[in-house]
Amino acid sequence: MRYEAPKTVAAAVALLSGVKGQARVLAGGTDLLIQMRAGRIEPELLVDIKGIPEMTSIVAEDGGFRVGAAVTCMELVEHTAFARAWPGVTDGVRLIGSIQVKGRATMGGNLCNASPAADSVPAMMAAGAVARIVGPKGMRDAPVENIPTGPGRTSLARDEIVISFLLPRRAPRSGDAYLRFTPRTEMDIAVVGAGVNLTLGDEGLCTQARVALGAVAEHAMLVPDAAAMLIGTSVDTAALDRLAAAASAACRPIDDKRGTKAFRIKVAGVIARRAAEIALQRAGRQG
Amino acid sequence: MTVSTMIKYEQKELKVVGTRPLRPDGVDKVTGRARYAADYNMPGQLIGKVLRSPHAHARIKSIDTSAAEALPGVKAVVTREDFPDMAVEYAAAGELTINFRDVTRNMMAREKVLYDGHPAAAVAATSESIARKALKLIKIDYEVLPHVIDVVEAMRPDAPLLHEEQYTEGVTPKPDRPSNVAKRMVFARGDVEAGFKQADVIVEREFNTKPVHQGYIEPQACLASYTEDGQAELWTSTQGHFVFRAQCAKVLQMDVSKIRVTPTEIGGGFGGKNNIYNEPLAIALSRKSHRPVKMVMTREEVFRATGPTSGANVKIKMGCTRDGRIAAAQAELNFQAGAFPGSSVPMASMCTFTRYDLANVRVVGNDVTVNRPKVAAYRAPGAPIAVFGVESVVDEMAKKLGIDPIEFRLRNAAREGTQTYYGPKFGPIGFIETLEQARAHPHYSAPLGPNQGRGIATGFWFNIGNETSAALNVNEDGTVTLMLGTVDVAGGSRAAMAMMVAEELGIDVDKVRPIIGDTSSLGFNFITAGSRGTFASGMATVVAARQAIEKMRQRVAKIREVPVEEVVWKNGQAQPVEDGTRQFAPMSLAEIAKVAGKTGGSIAGHAEINAQGAGPGFGTHIVDVEVDKQTGLVKIVRYTIVQDVGKAIHPAYVEGQLQGGAAQGIGWALNEEYVYGADGLLQNPGFLDYRVPVASDLPFIDTVIVEVPNPNHPYGVRGCGEVPIIAPMAAIANAIESAIGIRLFEQPMSPPRVLKAIEAEEARRGA
Amino acid sequence: MARHHVTATVNGDAVEFLCETQQTLLEVLRDELRLTGTKEGCGTGDCGACTVTVDGRLVCSCLVLGVEAEGKSIQTIEGMATGKDLHPLQRKFLEHAALQCGICTPGILIAARSLLERNPDPTEEEVRFWLAGNLCRCTGYHKVVEAVLDAARELRGA
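Residue numbers (our numbering), protein chains in the order written: chain A, 1 to 287; chain D, 1001 to 1767; chain H, 2001 to 2158.
The set of hints was computed from the structure by calculation and includes no laboratory data.
Be aware that a few hints might be false.
As the list claims (entries may be wrong) - List of simulated lysine-lysine pairs, DSS-like, C-alpha gap at most 30 Å:
1. D:K1400 with D:K1183
2. D:K1136 with A:K257
3. D:K1210 with A:K257
4. D:K1061 with D:K1139
5. D:K1210 with D:K1133
6. D:K1399 with D:K1315
7. A:K261 with D:K1210
8. A:K257 with D:K1400
9. D:K1015 with A:K20
10. A:K7 with H:K2084
11. D:K1756 with A:K261
12. D:K1594 with D:K1511
13. D:K1197 with D:K1400
14. A:K7 with A:K20
15. A:K261 with D:K1629
Just so it is clear, the structure is predicted and the values come from calculations on it, not from any experiment.
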């Protein structure tokens, strides 16, 4: 098994294009090493991208943030300005694994590993994050919700790399939140995850909303029907009831060792509602 | 020859026992110096790996290891061909009994593989990656058979059969068809039918529990070196190195004296390290390869192939009169034994109702083989399962009658003189004291918030004694080296032993150095299990110390030329007896030791005993929970343990046992379970989906130590390690009922089950 | 398979080692450098027994490759005491009997030190959530949390 640590994106892409067999991007390694140890994958090449500056930095851009895909969860959680602008995305990132796992895990890895239960992904989708992708044909941007296509599968070509995410400028009176359900307080994979991002207008009515669910389908997904239940409302109990029902209705979960279909469907509504309540509180507090 | 020993409890002023010195193994453990089995290495060692069955049940038609043997770097391969068959022969191993015919089959399959993970071959190679490659080259032809993993299904006459020669023992006339029920047992007293007729309230319930694993953080590991003279050395993570030596010698047909087992520092056992797994394979691989062989289990192997505790189906029926007196109690315990017979159902049967003074009792226990790993002991084996049922039913009866749950138990509590239904009559015990102190504890009357509830439950364990030896040597400078044969399975027993020696000799505990000897250093020591470590080893230690004191009295009498009756040992020295006729200059331990060589040889004491008189332990637990009715999540808000330990030699270590045991019980109650697919394969062999409590899942756990001395131990010690795991499941079920009015009968009481019960109740009310 | 030649710093000392691509930092520490204080409990990042710091960052060494340690500064339990002086956390763990079998202790100590370096006055809840990645099966965490809070007190007062 070869290991390479390129210093530029171009070099990384060239390495991925140049190999016939399986190659893998090595970011935090917190999913990759487990899969290798279990014998589920046997790559012939690992491309360590942690030495590439634009992938490991957080910079302001157009009033928003461009976050390198290989920024670790802990670095993101410790970034005060980002956490203030996007507490929901930060909630999601903070829930990944343990402090130790967060010391290595990255948002790029969390997205591209494409577990349907990944904790940062629903919040990123709700936030409207846009992924910047580089491949042999050049650079392109894609909304995060277009990337996961199934368990362990993405829409990326085998030699494309997500290099950064753009979290857009925040409209005033906006708030986001991510909640998940797990049987223990920490260390579990989400049985259900919900990310809600909303903006309030001058009259206190919701003018924009995005809702995404994780762990209730073959990939994390935006649920426009659920978001529609909030738009134009004051996010009162009735609206939240409709949100919960829409969230439950959108689920197409499986029975597995972490949860049954019925449980996921019921709890998706509960968690989506609670996340919306927190997002609302946060929006109300913003100037 | 072992000597039965009971040394009576003496009420006396204590200087060391009951204080909290630092543990002797502590500095090594906080600096990373402590050596656990996987930390040992020998020059030239090979890495051993096991090929495990991918099927829950299959006949082995053929095994072809030729390609593996030909792989460069592979130095030995073993299969069933390398181990002799064993006849049926029973031996005690911790609190369960083993059968050598099954031991050899569990460590290496012979005719069949009986569970996902069952060893079928093993290799030793120069590196781990070569060993793994070699496993892939071994070809085993399996004939897959239907499997059964549920205990109730396994008991049906048409269930797939694990052992064609297994006929249910304990049933007359002897059955004419084989069965997965290996053994049936009955414990009875009085007349339950008559008792139920007298009852004003009868509650009958059925409970189902899943298997759970002891969850020790250190996977099994061993290092074996077999040399051409037929001697073997083995370093291994074990709770009982003498028992491991005996079992290895047996299955490998070696003399016991030719195996020297050193117990390494152990990273948790809880009963799960009472059994050999890789050890005989490592020795056999070393014998074949002429090199040391190291075998370390992965976490996945620990879950797939080492013994969990039983899952079970439990039926409880109890009746009481209007004044809250239990009139009759009946139980049927159906326990999974795993692939081979020998679950903890006998012990569970004996603990089911034992907290109560009952005239009419009947407990039927069934030991049932299923296609899962062979079960091992787990901290008070079997009792938590049976007690989950009983303490839930007791709670229901109390509620039906409007009697406070502690008051109800007090009206029925066992006390000194109570005749148990499984045999003995109780001597002095502290059950009532624990109930009363629980009731008086501020926790019991603290206010509860919304969606919160409080539950109580009680536990009992016999605790054991058994064969134990110890040796004590007074060094030339008056310090003492204490050689113990019981493994210190984390409880701090070696510290407690050193404290008892210091107390007996009247010296600073700092001057006593305890070590655990290997099997060549001492006589037989039984496994550290059954809460016996501090009790039995303490007994042996005190016998050894008193023997040394006796020798020193003799020695000083000789040196000072006085009759030995004039010499007494007090305050760390030999001095004239009070009201004696002869005066002489006292001699301290150091002074005696300094001249010991010239006056007859160094001073030592030793003891080889079969410790009798272990004192039963009782505990009462109080738990507050908060239930999220929309998701079924149960949070532990507050937890208090009140337990009678006889005497807390080192109170901090006793507290640690109580808190640790309760934490395991909480995990068992809420989230831990083995998840199998319909294919009989284990789906959660890792700490991600086998959910033990993490630090943020638990609150501080308050402990109240009750001391009703065990009259059969010089310091009144009762074992304490097992009782605390027994009550949590029932206490939590009772607390949930108190919080939301719904009782759960299945463990774990995980969120999906709780939510389902809530929804079912809502539907029932709505209907 | 060709091995990588790696130079790094461990507990302040310069080290060099050879490793295959798939060997983890945990395997390197234990098998190549013979620093066996860091333990394997699960190999999948779920138990924290293998916790070390890499450039000051708390990580599971079973989830880091040996080759990724190139140029990095690694701290393990063997470096926690300074000469004969135990770190206050190590002393408090002994005083509070916050260890039993001790297999999780190295990982918990490294994790706790990392917490107190960032947050010298943590609440009980903060300690519990920070240590959620370190499983302990013996203690129920009670005395561990007490010891960490007490060590924090001493470090603040000192």
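Going down the list of hints, with the structure as the test:
1. D:K1400 with D:K1183: The hint is violated at about 36 Å.
2. D:K1136 with A:K257: Cα-Cα ~28 Å, so holds.
3. D:K1210 with A:K257: Satisfied, since the Cα-Cα distance of roughly 14 Å is no more than 30 Å.
4. D:K1061 with D:K1139: holds, 11 Å
5. D:K1210 with D:K1133: Since the Cα atoms of K1210 (chain D) and K1133 (chain D) sit roughly 35 Å apart, the hinted pair is violated (cutoff 30 Å).
6. D:K1399 with D:K1315: Since the Cα atoms of K1399 (chain D) and K1315 (chain D) sit roughly 20 Å apart, the hinted pair holds (cutoff 30 Å).
7. A:K261 with D:K1210: Roughly 21 Å between the alpha carbons, so the hint for K261 (chain A) and K1210 (chain D) holds.
8. A:K257 with D:K1400: The hint is violated at about 37 Å.
9. D:K1015 with A:K20: violated, 75 Å
10. A:K7 with H:K2084: violated, 43 Å
11. D:K1756 with A:K261: holds, 12 Å
12. D:K1594 with D:K1511: holds, 15 Å
13. D:K1197 with D:K1400: This hinted pair holds, its Cα atoms lying about 18 Å apart.
14. A:K7 with A:K20: holds, 22 Å
15. A:K261 with D:K1629: holds, 18 Å
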